[in-house]
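**Student:** This is what each chain is made of:
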Amino acid sequence: MLEVNELRKVYNSGLIEVEALKGVSFRIDDGEMVAIMGPSGSGKSTMMHLLGCLDHPTSGSYLLDGKDVSGFDDNGLAEIRNKKIGFVFQQFNLLAKTSILHNVEVPLIYAGVGRKKRRKIATDVLTKVGLGHRLDHHPNEISGGQKQRVAVARALVNNPSLILADEPTGNLDSKTGDEIMELFHQLNDQGHTIVLVTHSDEIADHADRTIRLLDGELVKG
Amino acid sequence: MFFETINIALRGLSANKLRTFLSMLGIIIGVGAVITIVSIGTGSQQQIISQISNLGSNLININRGFTRGWGGRVSSDANVSFTLEMRDYIQESSPAIKNIIANAQGQGLFIQGENNIRANLVGTEGVYQDINIYQPQEGRFINSRDIEDRANVIVLGAELAQELFEDDNSIGRTVRFNQSNSTFIFTIIGIMEDRERGMMGDFNNQAYIPITTYLDRIANSNEVDGFIAQTYSSNQATEAVNQINYFFEMYAGDSSSVRITSQDQILDTMNDINRSLSLMLGGIAAISLVVGGIGIMNIMLVSVTERTREIGIRKALGAKKKDILVQFLIESLALSGIGGILGVGVGYGGAYLISKIGDWPFIISPPAVIIAFSFSLVIGMFFGIYPAVKAAKLEPVEALSYE
Ligand SMILES: Nc1ncnc2c1ncn2[C@@H]1O[C@H](COP(=O)(O)OP(=O)(O)OP(=O)(O)O)[C@@H](O)[C@H]1O
Ligand SMILES: [Mg+2]
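Heads up: the sequence lines are chains D and Y, in that order.
Residue numbers for the first sequence follow my numbering, beginning at 55 and rising by one.
Residue numbers for the second sequence follow my numbering, beginning at 353 and rising by one.
Some hints here could point you the wrong way.
Here are a few chain Y residues that face chain D, going by a calculated C-beta distance under 10 Å [to be verified]: (1) Phe355; (2) Ile665; (3) Lys674; (4) Glu747.
Straight-line Cα separation of at most 27 Å, DSS-like style, residue types lysine-lysine; simulated pairs [as the list claims (entries may be wrong)]: (5) Y:Lys672 with D:Lys121; (6) D:Lys182 with Y:Lys742; (7) D:Lys121 with Y:Lys742; (8) D:Lys170 with D:Lys138; (9) D:Lys137 with D:Lys151; (10) D:Lys171 with D:Lys151; (11) Y:Lys708 with Y:Lys369; (12) Y:Lys369 with D:Lys137; (13) D:Lys151 with Y:Lys450; (14) D:Lys182 with Y:Lys369; (15) Y:Lys673 with D:Lys170; (16) D:Lys151 with Y:Lys708; (17) D:Lys121 with D:Lys151; (18) D:Lys137 with D:Lys121; (19) Y:Lys450 with Y:Lys369.
Far from chain Y by the CB rule (all over 12 Å, computed), these chain D residues [unchecked claim]: (20) Ser79; (21) Gly95; (22) Asn147; (23) Asp178; (24) Ser215; (25) Asp232; (26) Leu268.
For the record, the hints were derived by calculation from the structure and aren't laboratory data.
Beta carbons are placed, not taken as given, at the ideal position from N, Cα and C, and that holds for glycine.
Hey, can you work out the whole structure from these sequences and the hints?
**Tutor:** Right, here's the structure in full:
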C-alpha cells in the first residue's frame with residue numbers, strides 16, 4: 055500500500071521556479087493496477103519519480119508500506135529502489151554495452167545475490183517474458199518491443215511489490231504495446247501493484263482506475 | 353559484490369580499448385622511464401667501478417698540475433720538479449703507502465720488419481705489475497736489476513705484440529722504437545696478458561721499459577712525469593693524500609701545483625655525477641608519471657560524463673553511492689595498474705637495450721620496479737577519486753534525464 059499526502063515538488067532551476075506538483079494526495083492499495091493520466095507537463099513523470107524514490111519531494115509525505123520515505127537516507131532509498139520497486143521507462147534505459155542477461159542481472163548484483171543464483175533467476179525471468187532465446191544478445195540487436203520486455207524482466211527480477219511504468223508503451227506500436235500491457239496484466243494477477251503513466255485511453259482502460267493530473271493538481275471525480 | 357564491481361569496471365574499460373590504451377600511455381612511459389633510468393644508473397655505476405678497480409686498488413696519482421692564473425696573470429706550469437729519487441721521499445712521508453713508482457711516458461713509432469705502429473712507451477718499475485694487478489703471459493716483467501743496469505729491455509702489451517709479431521715467438525728478439533728522428537733498439541723480455549681498456553689508458557697497446565732507461569735514453573732528463581702510490585688499504589687513501597700534500601708543502605713550499613688524486617676521489621666524483629644525473633632523470637620520469645595521472649583523471653571525467661545515464665540507470669536499479677564510487681575507482685586503478693604492468697615491461701626492454709648500447713651490465717633493481725608500480729597505483733587512486741566522487745554524487749533523476 056502506498057499513500058501520498060499534500061505532495062509538492064518545486065523545480066528550482068536558476069531564476070525560474072516551476073511548481074510541478076501542487077499538493078497531491080491519494081492512496082493505492084496492494085494489488086491495484088492504476089493509470090496516471092494528464093496532458094503533457096501536468097506532473098506525471100514528476101509523480102512517478104517521487105513514487106520511485108528517485109527524487110525528494112519539496113514538501114508533503116510519501117508512505118510506502120506504512121513507512122515514511124523521507125526518513126530514509128540515500129542508502130536506505132537505494133535499498134528500497136532495489137528491493138521494493140521495479141521501474142520501467144519509456145526509453146527502455148538498458149545498458150547498451152552488455153548482454154540482455156547481464157542487464158537483467160544488475161538489480162540482483164546490487165542486492166548481493168551470488169553469480170550462479172543470479173544467472174538462474176535472470177534466465178528464468180527472461181524466459182517468462184519470452185526472451186529465453188536471446189540471452190546473449192545486446193540491446194541494439196533486438197526490437198523495441200523486445201527491449202521493453204527486457205526492461206520489464208529487469209523490473210521484476212527482485213520480485214518487488216510495486217512496479218512503476220512511465221509511458222511503457224509510448225515508444226511502441228499499438229500491437230506491441232498491447233503485448234506489453236498483457237504482460238502487466240499477468241504481473242498484476244500475480245499480486246504486483248502496478249502504477250503506469252499513459253496518454254492513451256485504451257491503455258488506461260486496462261487499469262482498475264485512473265488518477266488524473268492537471269497542472270500539478272489532482273482532477274476530482 | 354566486490355568482484356562484481358571489478359567485473360563491471362573491466363567491462364567498462366574493454367568497451368573502449370583504443371582510448372583505454374591511450375589514456376594509459378602516460379603511466380606506461382612514466383613507469384618504463386623510472387625503471388630504465390634506475391637500471392642505467394646502477395649499470396653505468398657498476399661499469400665505472402669495475403673500470404676504476406681495473407686500475408688496481410687503492411691508488412693515488414701524483415701529477416704536475418698548473419698554477420692558477422689570477423689577477424690578470426697567465427697560468428704557468430708548476431715549478432716543482434719531479435725527480436726519480438723523490439719517490440723514496442714521498443714513500444717516507446706517509447706510512448700508509450705500500451708501493452710507489454715513478455712514471456714517464458711518450459708516444460713513438462714501434463718498428464719490426466714491415467710492421468710499424470704508433471703507440472705509447474712507458475718508463476716504469478717492477479711494482480707496476482702489482483699496483484695494476486697485471487701479469488706477463490710470457491717471459492717476465494721489468495725487475496730491479498733492469499732498473500739498476502738501465503737495461504735496454506722491453507715488455508710489450510698483448511695487442512701491440514700481436515700486431516708487431518704475428519707469430520708468437522717474440523721473446524729474445526728485438527724491436528725498434530723511433531722518436532724525434534732517433535731510433536732505439538730494445539730486447540723483448542716479456543709479453544703482458546690481455547687487459548681490458550681502463551680509465552688509465554689502453555694497457556694492451558703500450559710497451560714498458562725500465563724508468564732509468566727511459567730517462568737516460570729517451571727523455572734525456574732526470575724528471576719523471578709523476579708517481580703512482582698504492583696504500584695498504586683503501587680507507588687509508590685520504591690520510592695518505594693529506595700526508596703527501598704536506599710533504600710537497602714542506603718540500604716545495606707549494607702543493608697547489610701538484611695534483612694528488614686518490615682513486616676513491618675519482619670514484620666519489622663519478623658516483624656523485626652519476627647520482628645527480630639519475631636523480632634528475634628520475635625526477636623527470638616521476639613528473640611524467642604525474643602527467644600520466646592527470647591523463648587518467650581527464651579520461652575518467654570524460655567517462656563519467658559520457659556515462660551519466662548509465663549511472664542514473666544503475667542508481668534507479670538500486671546502486672548505492674558506494675557502489676558507483678568503487679566502480680569508477682576500480683576503473684581508474686585498473687587503468688593505472690595495467691598501464692603500470694605494461695610500463696614495467698617497457699622498462700625492462702628499454703633498460704636491456706640501453707645496457708647493450710652502453711655496454712654495461714643489465715641490472716634491474718626490484719625496489720625500483722616495486723616503487724614505480726606502486727606509485728602508478730597511488731596515482732591512479734589519487735586522480736581517480738575526483739571523477740569517482742563526482743559520479744557517485746549524481747542525483748538519480750538528473751542522471752537519468754541526461755542527454
Ligand atoms: N528537472 C526539471 N527542472 C525544471 N523543471 C522541470 C524539471 N522536470 C520537470 N520540470 C517541469 O515540471 C513540470 C512537470 O513535468 P513532468 O515531466 O512531470 O510532466 P509530464 O506530465 O511527465 O509531461 P509529459 O507527458 O510530457 O511527459 C513541467 O512544467 C516541466 O517543465
Ligand atoms: Mg513525463
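**Student:** For a quick check of understanding: which of the numbered hints are violated here, in increasing order?
**Tutor:** 6, 7, 11, 12, 13, 14, 16, 17, 19 and 22
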